[in-house]
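Working from the sequences, and respecting the hints, build out all of it.
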Amino acid sequence: MTSRHDSPGPAPLVAMRGIVKRFGSVVADDHVDLDIYPGEVLALLGENGAGKSTLMRVLFGFYPADEGAIAIEGRPVAFGSPLAAMAAGIGMVFQQFSLIPALTVLENLLAASPRAPWWQSRRRPAVVSTLRWLQRLAPGFDAERRVQDLAVGERQIVELAKVLNLDPRVVILDEPTSVLTPAEATRLHGFVRDLAAQGKAVVLITHKIADVTACADRIAVMRRGRLMDESRLADRSPAAIVTAMVGATVAAEPADPPPAAPRPLLRVSALSTSQDDTSCPAADVTFEVGAGEILGIAGVIGNGQAALAEALTGLTRVIAGDATLDGASLAWKGDRAPPPSNAVAYIPERPLDNAVVADLDLAVNLDLRNLAGQDFFAGDAHRNARAAALLARYDVRPQNPALAARALSGGNLQKLVIARELSRTPQLVVACYPTMGLDINAATAVRRYMFEHAARGAAVVWFSEDIDDLLAYAHRIAVLHSGRCVGAVPRVNASRDGIGRMMTGIGSRTRAA
Amino acid sequence: MLLELPSKPALSELKRYARRLAPALAMVGIFFLTAAGFFVIIGKPPIATLADMAMFAVGDSYSLSETLVKTTPILLCALATLLPARLGLVSVGADGQLFMGAIFGTAVTLAWRDAPLAILVPAMLAAGIAGGAIWGLVPGFLRGRLDVNETITTLLLNYVAALLVNALVYGPWKDPGNLGWPATIAFPAGSLGTFFGTRVHAGLVFAFVIALVLGVILARSRWGLELAILRGNAKVGRMIGLSFSRQAMVVMALGGAFGGLAGICETAAIQGRLQPGISVGYGLTGFLVAWLAGHNPVIAIPVSFLVGGLIAAGDSLQLFAKVPAASATILQGLLFATALAVGGVSARLRRAHG
Amino acid sequence: MAEFDAITLATWIAASSRSATPLLLVMLGETLTQRTGVINLGVEGEMLMGACFGFAAGATTGDPLLGLAAGAAAGVVLSTVHAGLVLGARANQIGSGLAVWIIGLGVTSYYGRAFVGGKVDSLRPLGAHFADAPAFIRTILDQVTPTAPLALVLAGVAGVWLYRTRSGLIWRTVGESAEVARALGIRPVSVRLQSILLGGALAGLGGAVLSVDYTQTWAQDITKGKGLVAVGLVIVARWNPYLVIPTALLFGVSETAVLRLQAGGVAISPSLLATTPYLLALVVIILSQSQAWRAGSMPADLTAIFRSSRAAP
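Residue numbers (the working numbering), protein chains in the order written: chain A, 5 to 517; chain B, 765 to 1118; chain C, 667 to 979.
Hints are computed from structural coordinates only; laboratory data are not their basis.
C-beta atoms are modelled at their ideal positions from N, C-alpha and C, and glycine is treated no differently.
It cannot be assumed that every hint is accurate.
To be verified - Straight-line alpha carbon distances no greater than 25 Å define the calculated PhoX-like cross-link-like pairs of lysine-lysine that follow: (1) B:K1086 to B:K808; (2) C:K785 to C:K890; (3) A:K337 to B:K999; (4) C:K890 to B:K938.
Claimed, not checked - Pulled a few chain C residues facing chain A out of the computed Cβ check, cut under 10 Å: (5) D671; (6) W678; (7) I679; (8) T831; (9) S833; (10) R838; (11) T839; (12) E842; (13) V846; (14) R848; (15) A849; (16) L850; (17) I852; (18) P912; (19) S963; (20) A966.
Have a look at this one:
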């Protein structure tokens, strides 16, 4: 493990020594030493839960470190808040953007600039100067558009411009490519290299090798809170990097072979949902999924995944077309929503918001699907017993049916939802980003449950943001773009490039108007 | 603020019980301090006045009966508020529902004034319940189907209902024999019975029974759980086939029914005739009680009694100690503010300590 | 014939704007408060405080302007209770507003007894300053006091301030997301405190205008829910200070119509007629909830309170 800490050479801009950060009994960062140099891109690599995000948040003043010291240009600093860090020249672009959707881009940039003038006429030079970085990143961008009308990639540009307006010396980007199409990711890589060329220190937090090979000068790999490896990119092969990230070479799970000539189970034809909310509706979607088949649907979040998933589960009204499961219609077409079907299992995105009642206990949350058949005065005993059994079977921790759902971690919450949905025998499984944000063990467990059900003859529709996951495990892959479904090619015929192109809309039918 | 007795009085259980009680005790203590402060400001001796109030509330059998008289409409209005609150709806419409119940019940009484009591009384009560239920259903429908905020609609409908009462008693329902005074003819006396020769009437029993039954149903039935689910996450409720809009209308109509019952009981048994001023803000008082009781129907019973005592004492203070009746309103406001402050602070402390 | 119509029209305009002014002031204050993500039902109590203590000050000193100032001050005083509960104790905003209303109701009933039936000098109508205006304008100005144009000016200034200045942008940012505001170095608590106090001042001023200027009397519960109506109408006006003007004027017209009908010996019960403004408010609020009107205007932090599925904090 090479380290530049004690070797002669240019001094680091930021030196972090012995950083320890604990959350309760979990040690997120375990005595980590890290140097950040100006004019270069440092890729901070690791799986979900490795501690890289936490480490940078400590630097950004989001959390105080439990132990350790940080020095900037040799002088020790202790940031009590992000504002202090920003004043010292550190900027961070988070995964959750801190933009106000209802305000325009210009208003967001003005609000974030402490030196903006009191009277905000559009023609004043001080106001115009807040657009400087935005115009450099995206020439011709209309700053009068409201943020809520922007696509995710565009919002990230605004967020980046917002951070750069404060003239930081260190720019930290937290998993920036997780919400971008491959083309947008490439553009981002270019920005990152430009920033480094201008003398800024850039830290790129990521778990994707593609980001690293595209723009990193140096890499630091973290696993389970420890810094495992640190070197120049040129000195490491991708395989060695992956080994450092995940430990012993993990044999890739064998992907299940697709069923030969599957019986079509789910038929979706010309399905369209209405444009009620601000999210993108499904538009004229057509595909089929056979029994035992896993259809992976790729696409940047916000292209109609939620609308399509809710249409398949009868939660959103369908204005045209239909979706049938073994001949029976699933779609909500008339005035009244159809009663929830016992044959459909739904694993929504962001489970805390969409799949559980956060303040009620685990026993109730596990029993939600069974309520309709119960007596008026059903007691708690049966419910608790059933819950205890499910919690044990699906390894949900802590195994206490009386806990509120809110108390579970992300991985355990997802396992809880799966315990509820997949412990029945569904014919159709609709899963939206089920492994997002989960560490590798939880993600593997979740995938295993889904594939088990496919093996037993269910049709699985799997929305995922991770193209590599889909390429590895799905039987067929389609792409959702602006609500339209294109592709649906068998895994063997799919490629990263091909999917990437479809995600940007190339290859889909041109839309009217 | 659901107070549950621990099954195993281990030390940790007792500590947790004490921690749950602490906010309630703090609130009572702070309220007494602010009430004393208020009395000092208006120039009355604080301890003596507070002692007087306690005496006027429960000191002798007459005071006790007057407190119970007040408890009836307050408890029913509290139930009218807390049932919608279990679904997350903030209804302040108990006053309006009370007025509408009074109107509907009076209509039946005026139409069938010669009928035997055995027929008139049930009909009158049923009409009162129906009137209140309608006045609750309207904002319930508006919220359930059209997503119109129910706090504002119920508040506006309160004023409309009060004006309708005025319109009727100054107009078509005015008792011709009563020259100066806007009111209907008198209701048949003793229609709701009396207890021990006091003004306490059967309405108290109705309120008591409804509170207990509602408490059991909300705590133990599937419907109570469904309300909790919809309140916690309406989207998930929809996912399992529950309908927020239908339940919104149900709880608002049922709550309105309780308010309507309060209205017809007050009119028939206490006021004796429909006239402006049958409610002295029982709706708002009921809202306060519901809040203090943590939206639990069983706990609302003793809390209604306490607040009823406060108001009855206020009336007596006005008669005997020349303290204006408005002080009871001020004290209720202070009580509410204290409860909110203590509730907010203790929630913060709970969050901070996990 | 034409002159007669013109004079009636002018009188209607004057009466409507006078009637609208108290409502306009309360709506304006509540609009700015809600823009920072705080809802204050207590403006009804603050309006009562302004009406009661403004009238008391005006009656005892003989100076109506002092009465207006005292009314605004009284509104601010009561609004500190709401600020303390909501910002200090993080109490539920709806509950706190109702508590403030109850306190205001009680305090003004208590202290206002002495002033029921009192008299206060009136403000001079504007017409005196514009003697050579055309007859139509003159008729209006003869019946309108300075409070009406003052309210219009305040609404206009508020609009310009909210949309064109940095502090207005900061208020809007806090209302959209206190969390993001904090990340930008803004202190949401400080901004919300200012907006609650300002709302209290405007509500108190509105109440004082009602008792000192418009009705020139004081009676218990003189506001009869105007403050609550104002809170509802803020939604109709889309939290936009400019739109507060036509909304308040609409109600001014309806109130004037009701008064004319009540006085005009129409065979409808005056109480029944008096329900009109409330029913009108109800209808307008319901209509404004329709999809086309609603999309994206509500300050985002308010949605957590308005559409909250929790009654208790």
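Requested in this report: Verify the interface restraint on T839 of chain C: the C-beta must sit less than 10 Å from at least one C-beta of chain A.
Outcome: holds (5 Å)
Report task. Go through the hint on A966 of chain C and say holds or violated, using the shortest Cβ distance to chain A against 10 Å. Result -> holds (6 Å)
Requested in this report: Tell me if R838 of chain C is really an interface residue toward chain A, meaning its C-beta lies closer than 10 Å to one of theirs.
Outcome: Constraint on R838 of chain C satisfied, holds at 7 Å.
Query raised in the report: Measuring from the C-beta of A849 of chain C to each C-beta in chain A, is the shortest one below 10 Å?
Result: holds (5 Å)
Query raised in the report: Going by Cβ atoms only, is P912 of chain C closer than 10 Å to chain A?
Result: violated (23 Å)
Query - Hint check, I852 of chain C versus chain A [nearest Cβ-Cβ separation less than 10 Å] - result: At 8 Å from the nearest chain A Cβ, I852 of chain C passes the 10 Å test, so the hint holds.
Report task. Using Cβ atoms only, decide whether E842 of chain C comes closer than 10 Å to chain A, and label the hint accordingly. Result -> holds (4 Å)
Query raised in the report: Does the alpha-carbon distance linking K785 of chain C and K890 of chain C stay inside the 25 Å limit?
Result: With Cα atoms ~20 Å apart, K785 of chain C and K890 of chain C stay inside 25 Å; holds.
Query raised in the report: Does the CB of W678 of chain C sit less than 10 Å away from some CB of chain A?
Result: violated (38 Å)
Query raised in the report: Regarding the hint that L850 of chain C lies at the interface with chain A, is the smallest CB-CB distance below 10 Å?
Result: holds (5 Å)
Query raised in the report: Would the hint on S833 of chain C stand, with a C-beta cut-off of 10 Å toward chain A?
Result: holds (7 Å)
Requested in this report: For the hint on V846 of chain C, just tell me whether its beta-carbon gets within less than 10 Å of chain A.
Outcome: V846 of chain C check passes; min Cβ-Cβ to chain A is 5 Å, inside 10 Å.
Hints 5, 6, 7 and 18 from the list above are not met by this structure, while the remaining hints are.
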